[in-house]
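A.B. asks: Take a look at the letters that make up each chain.
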Amino acid sequence: MEIRTEQFVEIAKKELKNARNKQFLSVLPLAITISRPRSMQSFPDPEAANEYGRAVRAEAVAGMPELLEEFEKNALANGAKIVWAKTAEEANAFVLNLAKERGIQYVTKGKSMITEEMGLNDVLQESGIEPFESDLGEFIAQQLHKPPFHIVGPALNIPVEEISDLFIAKADMKEPTTDPVKLGYAARLYLRDKFHHLAMGITGVNMAVAETGSIINVENEGNIRMNKSSPKIQVSIMSLEKVVPTMADAMHMIRLLCRNCTGQKLSAYISIDSGPKKSDEVDGPEELYIIILDNGRSEIYQDIQAREALRCIRCGACLAACPVYCKIGGYPYGWAYSGPMGQVLNPLLLGLEKTQDLYHACTLCGACKSICPAGIDHPKMFLYYRVQEANSDKKAAGGFITNKTAKFFDLWRWGTTRAWRWKMAVKTARPFVNRYAKDGTINKTIKPVEGWFRTRNLPAMARKTFHERWAEINKKVTSDQ
Amino acid sequence: MSQSAREEILAKLKAAPKAKPAGRPSMPPLTELSWDPDQLIANFMANLTAQTGVVHRVKDEIDAKAKLAEIAAEEGLTTVIVSTDAVVAPLNLTEWGKEKGIKVLTAKDYTDRDAYKDAVFMEAQAGITGVDYAIAESGTIGLIHDKDQPRLVSVAPITHIAILPVERLRPTYERVTDIVFADKSNLPSQFTFTTGPSMTGDIQGGQFKGMHGPRKLIIILMG
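As they're listed, the protein sequences go chains A and B.
In this text, residue positions in the first sequence follow the working numbering: the first is 16, and each later residue adds one.
In this text, residue positions in the second sequence follow the working numbering: the first is 654, and each later residue adds one.
Keep in mind the hints are simulated off the structure, nothing from the lab.
What you are looking at is a predicted structure, and each value in this text was computed from that prediction instead of being measured.
Note that the Cβ used here is the ideal one computed from N, Cα and C, for glycine as well.
Some clues are possibly wrong.
Claimed, not checked - No farther apart than 27 angstroms at their CA atoms in a straight line, the calculated lysine-lysine pairs in the DSS-like style are these:
#1 B:751 to B:800
#2 B:837 to A:293
#3 B:671 to A:88
#4 A:395 to B:673
Claimed, not checked - One side of the interface only, derived from the structure: several residues of chain A facing chain B at Cβ under 8 angstroms:
#5 67
#6 73
#7 100
#8 105
#9 168
#10 195
#11 207
#12 236
#13 281
#14 282
#15 285
#16 287
#17 295
#18 299
#19 316
#20 319
Taking the hints into account, I'd like the entire structure generated from these sequences.
C.D. replies: Below, the structure written as structure tokens:
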């Protein structure tokens, strides 16, 4: 997948004019802001349930190396094959070699953010092994060559007419239709044939349970179950942070995941694998490969603050909560992860210098933080990135902190750290600033800080400051007595 | 590649500064645990029905078979594939099929994996399975997959009919996973939770059932 995080502003501007996506985005948050809290209310104490989940994630991240070792030991005992990969390239190469070795013609895939991150589809495709995304939304996005619009519903925004044309061209559909049910059924039939003759299925992992060596997938469509039942080879790919201590922890996190993701108490299918099929079983994989992928996470882990990002369980609740995402949709984030979770993860995985616009595109309102079941403090993360950027080599950081800005803030600090300086500055600035006011609003650029006014208006400065008025009122009240 | 990758990743993680998490609060109380048997049944049925699952209550195996025949007639089933698990096996559905004129397949009819897959994907109009444990908190059925509970029987055919003995109903997931994952030396290769039929909302958020798995989930609650 092409990384386009550096084109954030450009794509966001375009998306703001995309009438169809805008219309869709005006409905999405509304639907989710109703269904998510309603499903959370099925907990006797929703906040306590959240707090417990946050504690589980904190513990899982803190104990990650030991938990991974425990998971590996138990998964091996169950008969799974564990493959560690440092980079996406290593993991891709492993999957590709395995497929070539076994003479695989095509694979089907469950929706998995980690394989998006790896760019696995491109690697397989280039070597003539056709990868079929089998989650309906992901299948549509893949065939249209579009990045995911939303991590849970990657093609939610695509109009039915476009899907109809696509399915006629690429999924053997005979008649055009705008009925979503007929469209879904066409995809069912097309992919069913792929599942039927499948030799190798690829999935992600929602959770890996250390105490049992099991991997868990959460889904609604049944495509992941197909991927894990029909073929003789199953490859499931997890990043380091998927591991949780116990099965009970996993169950509680699944309660939170489903409610936050789709507003369901439980998704239609939860499947838990502990090793490959046994010799007397008729279906399921003869070989189960679990790839444990680092791809930069052990580096992130070195920094206690940055490490917090690894709590994320990919529920996607923060997307619909974010006022920025709800205006621009998922495309501007330019990679697998979008919305606040993308703003937290992409800078760490791709580098701050490539993702500046992402962590600046935030008002720090904290809506994401307030609902995050994993306990991520998104605004704190963004501030942390901004501080690092400011402290780093100014040129390497893309010159965002210009000399002019730096000088302005030096002056600002000088002026605001003594009351008398501030009062004097306000008095002096008032007539100067108000020259730019029109109908009580300043929306023209004022020279030294013109960039600031590009996106903001200010009310004109009042004739008198609060302190001045207070002194006057006080004087009047005292004299009236 | 993988051995050195393993050592490097783990060494790096272990060398990182240690953080001490604040510690866990106590697990929030699950009110489901205080449900009596009637509440368990009522909540199980309400939760499952909310997901468009259908529940029929019958009193014993004889009635279960009669209900199965009724469902088969309603759905126009002529070929079904059945599991041979501990719930379904005693019903002797092969015999039942002969009586009712329904072709009853089992995975054990096939020595060849591909032939079995042809049957379960192409021939069977419904899969009939037992349920190992069901969960009232969300209207969920849990299946332990093994030689008698093949995976595809409950996911490939367009209709899934599951027979649930009432004593297998539990309040919460943990009450089930504590049992299923108790013997760490012999874990089931796969254990699945199913809550309602297969579904998707991926086209414009409109929901429809039967995306890749069953369009209908029918539970016969027995006892």
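A.B. asks: Evaluate each hint against the coordinates.
C.D. replies: Each hint, compared with the structure:
Taking the CA atoms of residue 751 (chain B) and residue 800 (chain B), the gap is near 24 angstroms; set against the 27 angstroms cutoff, the hint holds. Between residue 837 (chain B) and residue 293 (chain A) the CA atoms are separated by roughly 15 angstroms; this keeps the pair inside 27 angstroms, and the hint holds. Taken as a hint, the residue 671 (chain B) and residue 88 (chain A) pair is honoured in the structure, with Cα atoms around 23 angstroms apart against an allowance of 27 angstroms. Between residue 395 (chain A) and residue 673 (chain B) the CA atoms are separated by roughly 19 angstroms; this keeps the pair inside 27 angstroms, and the hint holds.
Evaluation of the residue 67 (chain A) hint against chain B yields a held restraint, the C-beta minimum of about 6 angstroms falling below 8 angstroms. The restraint placing residue 73 (chain A) at the interface with chain B holds, with a minimum CB-CB distance near 4 angstroms, inside the 8 angstroms limit. At about 6 angstroms, the closest approach between the beta carbon of residue 100 (chain A) and any beta carbon in chain B falls short of 8 angstroms, and the interface hint on this residue holds. Nearest Cβ of chain B to the Cβ of residue 105 (chain A): about 6 angstroms, under the 8 angstroms cut. The hint holds.
Below 8 angstroms, beta-carbon pairs count as interface contacts, and residue 168 (chain A) has one with chain B at about 6 angstroms; its hint therefore holds. With 8 angstroms as the threshold, the beta carbon of residue 195 (chain A) comes within range of chain B, its nearest partner Cβ sitting at about 4 angstroms, so the hint holds. Because the smallest distance between the Cβ of residue 207 (chain A) and any Cβ of chain B comes to about 7 angstroms, under 8 angstroms, the interface hint for this residue holds. A hinted interface residue such as residue 236 (chain A) counts as satisfied when its beta carbon comes closer than 8 angstroms to some beta carbon of chain B; here the least separation is about 4 angstroms, so the hint holds.
About 4 angstroms separates the beta-carbon of residue 281 (chain A) from the nearest beta-carbon of chain B, less than 8 angstroms, and the hint is met. Because the smallest distance between the Cβ of residue 282 (chain A) and any Cβ of chain B comes to about 7 angstroms, under 8 angstroms, the interface hint for this residue holds. Here the hint on residue 285 (chain A) is kept, as its CB sits about 4 angstroms from the closest CB of chain B, short of 8 angstroms. Hint status for residue 287 (chain A): holds, given a least beta-carbon distance of 5 angstroms to chain B, under 8 angstroms.
Given the 8 angstroms rule on beta carbons, the hint for residue 295 (chain A) holds: about 4 angstroms separates it from the nearest Cβ of chain B. For the restraint placing residue 299 (chain A) at the interface with chain B, the shortest Cβ-Cβ distance is roughly 6 angstroms, inside the 8 angstroms limit, so the hint holds. For the restraint placing residue 316 (chain A) at the interface with chain B, the shortest Cβ-Cβ distance is roughly 5 angstroms, inside the 8 angstroms limit, so the hint holds. Interface restraint check: residue 319 (chain A) against chain B, minimum CB-CB distance 5 angstroms, threshold 8 angstroms, status holds.
In the structure shown, no violation is registered for any of the earlier numbered hints.
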